[in-house]
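As given, the protein sequences belong to chains W and F, one line each in that order.
At position 94 of the first sequence the residue is numbered 94 (the numbering used here), and the sequence of numbers has no breaks.
At position 134 of the second sequence the residue is numbered 134 (the numbering used here), and the sequence of numbers has no breaks.
Wrong hints could be hidden among the right ones.
What the hints assert, rightly or not - Derived pair list, reagent style EDC-like, types lysine to aspartate or glutamate, alpha-carbon separation capped at 20 Å:
(1) LYS97(F) - GLU349(W)
(2) LYS97(W) - GLU156(F)
(3) LYS97(F) - ASP348(W)
Calculated from the structure, these hints are not laboratory results.
Remember, it's a predicted structure, so these values are computed and weren't measured experimentally.
There are 2 protein chains.
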Amino acid sequence: MKLTPSPFAPASFPALPHVKGVQASTASRGFYTRRGVQRDDVFLFLMSEGTSAAGVFTRSLTASADVEWCREALKACGGRGRAVVANSGNSNAFTGKAGFLKNEATLAAMTTTLGLPKEACFLAATGVIGEPLADPNFVGEMLPELESKLGPADWEACARAFMTTDTFPKGAGTTCEIDGTPVAISGILKGSGMIMPNMATMLCYVFTDAAIAPELLDKLLRETVDPTLNSVTVDGDTSTSDTCMLFATGASGAPMIEDADDPRLAGFRTALMEVFRDLAQQLVKDGEGASKFVEICVENAVSETSAKTIGMHIANSPLIKTALAAGDANWGRIVMAVGKSLEPISRDEMQIWFGEHLVADGGMRAPGYDEAVASAHFAGDHISIKVDVAAGDASWTVWTCDLTHGYVDINGAYRT
Amino acid sequence: MKLTPSPFAPASFPALPHVKGVQASTASRGFYTRRGVQRDDVFLFLMSEGTSAAGVFTRSLTASADVEWCREALKACGGRGRAVVANSGNSNAFTGKAGFLKNEATLAAMTTTLGLPKEACFLAATGVIGEPLADPNFVGEMLPELESKLGPADWEACARAFMTTDTFPKGAGTTCEIDGTPVAISGILKGSGMIMPNMATMLCYVFTDAAIAPELLDKLLRETVDPTLNSVTVDGDTSTSDTCMLFATGASGAPMIEDADDPRLAGFRTALMEVFRDLAQQLVKDGEGASKFVEICVENAVSETSAKTIGMHIANSPLIKTALAAGDANWGRIVMAVGKSLEPISRDEMQIWFGEHLVADGGMRAPGYDEAVASAHFAGDHISIKVDVAAGDASWTVWTCDLTHGYVDINGAYRT
Numbered sequence: 001m002k003l004t005p006s007p008f009a010p011a012s013f014p015a016l017p018h019v020k021g022v023q024a025s026t027a028s029r030g031f032y033t034r035r036g037v038q039r040d041d042v043f044l045f046l047m048s049e050g051t052s053a054a055g056v057f058t059r060s061l062t063a064s065a066d067v068e069w070c071r072e073a074l075k076a077c078g079g080r081g082r083a084v085v086a087n088s089g090n091s092n093a094f095t096g097k098a099g100f101l102k103n104e105a106t107l108a109a110m111t112t113t114l115g116l117p118k119e120a121c122f123l124a125a126t127g128v129i130g131e132p133l134a135d136p137n138f139v140g141e142m143l144p145e146l147e148s149k150l151g152p153a154d155w156e157a158c159a160r161a162f163m164t165t166d167t168f169p170k171g172a173g174t175t176c177e178i179d180g181t182p183v184a185i186s187g188i189l190k191g192s193g194m195i196m197p198n199m200a201t202m203l204c205y206v207f208t209d210a211a212i213a214p215e216l217l218d219k220l221l222r223e224t225v226d227p228t229l230n231s232v233t234v235d236g237d238t239s240t241s242d243t244c245m246l247f248a249t250g251a252s253g254a255p256m257i258e259d260a261d262d263p264r265l266a267g268f269r270t271a272l273m274e275v276f277r278d279l280a281q282q283l284v285k286d287g288e289g290a291s292k293f294v295e296i297c298v299e300n301a302v303s304e305t306s307a308k309t310i311g312m313h314i315a316n317s318p319l320i321k322t323a324l325a326a327g328d329a330n331w332g333r334i335v336m337a338v339g340k341s342l343e344p345i346s347r348d349e350m351q352i353w354f355g356e357h358l359v360a361d362g363g364m365r366a367p368g369y370d371e372a373v374a375s376a377h378f379a380g381d382h383i384s385i386k387v388d389v390a391a392g393d394a395s396w397t398v399w400t401c402d403l404t405h406g407y408v409d410i411n412g413a414y415r416t
Numbered sequence: 001m002k003l004t005p006s007p008f009a010p011a012s013f014p015a016l017p018h019v020k021g022v023q024a025s026t027a028s029r030g031f032y033t034r035r036g037v038q039r040d041d042v043f044l045f046l047m048s049e050g051t052s053a054a055g056v057f058t059r060s061l062t063a064s065a066d067v068e069w070c071r072e073a074l075k076a077c078g079g080r081g082r083a084v085v086a087n088s089g090n091s092n093a094f095t096g097k098a099g100f101l102k103n104e105a106t107l108a109a110m111t112t113t114l115g116l117p118k119e120a121c122f123l124a125a126t127g128v129i130g131e132p133l134a135d136p137n138f139v140g141e142m143l144p145e146l147e148s149k150l151g152p153a154d155w156e157a158c159a160r161a162f163m164t165t166d167t168f169p170k171g172a173g174t175t176c177e178i179d180g181t182p183v184a185i186s187g188i189l190k191g192s193g194m195i196m197p198n199m200a201t202m203l204c205y206v207f208t209d210a211a212i213a214p215e216l217l218d219k220l221l222r223e224t225v226d227p228t229l230n231s232v233t234v235d236g237d238t239s240t241s242d243t244c245m246l247f248a249t250g251a252s253g254a255p256m257i258e259d260a261d262d263p264r265l266a267g268f269r270t271a272l273m274e275v276f277r278d279l280a281q282q283l284v285k286d287g288e289g290a291s292k293f294v295e296i297c298v299e300n301a302v303s304e305t306s307a308k309t310i311g312m313h314i315a316n317s318p319l320i321k322t323a324l325a326a327g328d329a330n331w332g333r334i335v336m337a338v339g340k341s342l343e344p345i346s347r348d349e350m351q352i353w354f355g356e357h358l359v360a361d362g363g364m365r366a367p368g369y370d371e372a373v374a375s376a377h378f379a380g381d382h383i384s385i386k387v388d389v390a391a392g393d394a395s396w397t398v399w400t401c402d403l404t405h406g407y408v409d410i411n412g413a414y415r416t
């Protein structure tokens with residue numbers, strides 16, 4: 001089916017800074033040819049020697065063969081990754097022995113063509129689950145072409161190459177300084193449905209030319225992913241292929257940072273968080289069928305985990321998501337979702353706000369409730385829901401989109 | 001909005017057996033009048049002296065005032081309930097002090113009109129959450145009319161009186177024998193959306209003229225509800241008002257049963273389970289927008305709880321529910337849902353069946369997979385999904401429906 005672009009699709013792809021030490025290329029393997037579409041569907045990223053790598057992956061117990069390999073490689077390489085090959089059009093998940101053979105063939109081509117140790121090479125794939133690949137070398141045999149095209153990363157071309165039901169290519173980047181040396185951060189991400197990442201999101205690659213020791217890079221990735229990519233949901237479904245990797249080439253010439261408490265890291269940390277938050281919000285804005293962008297802040301919960309759990313119960317409720325789609329300010333459904341979370345809350349002290357308008361208070365509709373004001377907020381395409389659960393002092397914010405006819409259409413037709 | 005009847009709506013309401021010791025009546029309080037609909041929206045059930053009562057209620061932490069009262073009354077009455085008043089059109093949930101006052105006024109009218117102790121009187125309400133009632137006595141002042149109309153239960157009229165987005169009235173009943181004495185069981189239920197009961201379902205009342213001691217009745221209700229009403233889901237959302245009550249009048253003349261191991265209970269137990277299973281399946285068949293009835297059997301899990309958790313992850317997945325709506329046999333999404341449950345499974349030994357057709361085996365698509373056969377099964381309106389997770393020897397079955405455009409429409413327009 002032809003996908004309608006998200007109403008949040010930007011007019012153009014953002015200008016992302018060049019990351020020294022990173023080269024990239026894309027090519028067309030023909031995964032979409034049978035649907036009559038000619039497009040690139042494979043990319044290669046090659047990083048300079050000495051690059052630190054960190055990754056987080058789906059916690060799904062039916063994880064794809066590619067995810068299994070990445071976990072294994074990341075341990076074996078001691079945090080020193082050099083290359084990534086990803087394809088869209090086939091997820092290589094639940095493909096049994098064939099999935100393993102595709103990985104082996106692709107890795108063999110990467111080691112031969114790029115002259116790299118196998119464990120420095122990472123893989124990813126996204127598409128329909130369970131579709132077997134007829135030829136294990138289907139991706140591997142693209143390596144010579146990909147290698148010959150290597151050059152400064154064309155972020156937009158790479159972001160387009162791993163799209164599936166995404167309606168716009170997603171990227172974010174910024175610059176900062178480490179000890180006076182300019183440092184760049186640029187990342188790309190794909191994802192639209194089957195989105196409630198658990199440890200990471202669909203596929204996300206972020207690159208920096210800062211010099212960060214592998215153990216610290218891993219720590220930075222984990223602390224950044226939790227309030228960003230792990231705090232969005234489109235449909236509550238968790239992919240078999242979620243992968244988020246962060247590479248630091250060190251090619252900026254900035255000093256190597258090894259200690260999480262190093263004060264020179266402050267600006268970088270903030271910049272990294274901004275890039276990830278931007279990518280996470282783009283994910284939700286391109287949620288399948290999305291017409292509304294929704295921010296849900298849960299305040300005064302007993303813990304951050306509790307606040308996030310409550311937020312996710314609100315964000316994943318089909319009744320709330322369909323009310324959002326219709327612009328119906330049905331605040332009673334927020335009450336329902338808070339209640340079913342089974343997290344500690346004070347029913348008779350909690351407050352619910354739509355934008356600046358207090359809609360529920362004291363265990364009932366707020367005295368100053370105004371349906372027209374609440375409805376006006378819900379009529380917009382950026383919706384803010386705040387719930388003060390009056391049980392503690394911890395807060396968390398999650399982002400989601402609405403559940404529209406578009407979602408039903410897209411997911412009834414995905415395999416055709 | 002005008003609701004399209006479920007394709008599973010029966011041609012007529014089933015003939016339910018008369019339950020001795022039960023009288024009922026219905027009336028119109030006008031909750032739907034503002035929508036231009038003239039219909040009964042309140043019912044009263046009155047049971048003979050000595051009736052045993054048991055109930056299970058929503059575990060939601062934002063439970064309605066009616067649920068709070070029923071919990072309190074059930075403790076206070078020592079399992080001896082006599083009357084139920086329920087209304088549709090207003091849920092009396094999250095209405096603060098006004099909710100408490102509506103209960104007090106209704107209970108006062110019940111004690112006066114029916115001559116009953118307050119704690120033998122039960123309440124329920126269903127409709128939009130958080131809508132305040134202007135007059136606390138709105139329901140209470142109907143009691144004289146309801147009392148004057150009391151007679152043998154017109155099950156269909158009662159089942160219609162508490163419908164909200166239900167498209168057909170739901171009832172089930174049967175007869176059995178206890179120690180040679182004929183005994184009747186009849187029950188009614190309402191529910192269509194906000195359905196993933198947690199301890200009970202939306203509103204369900206079952207009556208028998210068997211003589212069962214209160215403690216045993218409570219035990220029987222709990223053991224029956226778990227594999228029936230607690231094993232269905234429409235949208236994964238749990239109501240603030242879920243209530244299921246079981247009354248045993250003893251008016252059949254059958255001997256009083258007090259011991260769960262009494263062999264004379266065998267036939268009754270089976271009959272009770274049949275009635276509850278029938279009601280639970282009707283609930284799903286009238287799920288908001290439902291076009292398919294789906295049975296999901298999870299086999300060889302490590303425990304019944306684990307099997308049920310996996311089954312519910314499949315049943316609540318929007319990606320699976322939209323694929324079901326489209327008749328798309330997208331078995332890879334079953335793999336996804338099993339994986340995200342985080343329950344113990346063997347990815348490479350699990351088997352997935354659509355009807356009699358094995359679709360996944362050995363960590364990949366089954367060798368004998370036939371898209372035409374799988375699609376033919378998904379084209380029907382009764383769909384059977386079996387997942388053998390190869391991790392233990394426990395099984396559980398859950399029921400659900402698909403996620404259609406109808407669900408999106410109904411829940412965007414519910415308050416209007």
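Results for each hint:
Restraint check for LYS97(F) and GLU349(W): satisfied, since their Cα atoms lie roughly 13 Å apart, inside the 20 Å limit. Of the supplied pair hints, the one linking LYS97(W) and GLU156(F) is violated, its CA atoms being roughly 57 Å apart against a limit of 20 Å. Restraint check for LYS97(F) and ASP348(W): the C-alpha separation of about 10 Å stays at or below 20 Å, so the hint holds.
The structure is inconsistent with hint 2 alone, although it conforms to all the rest.
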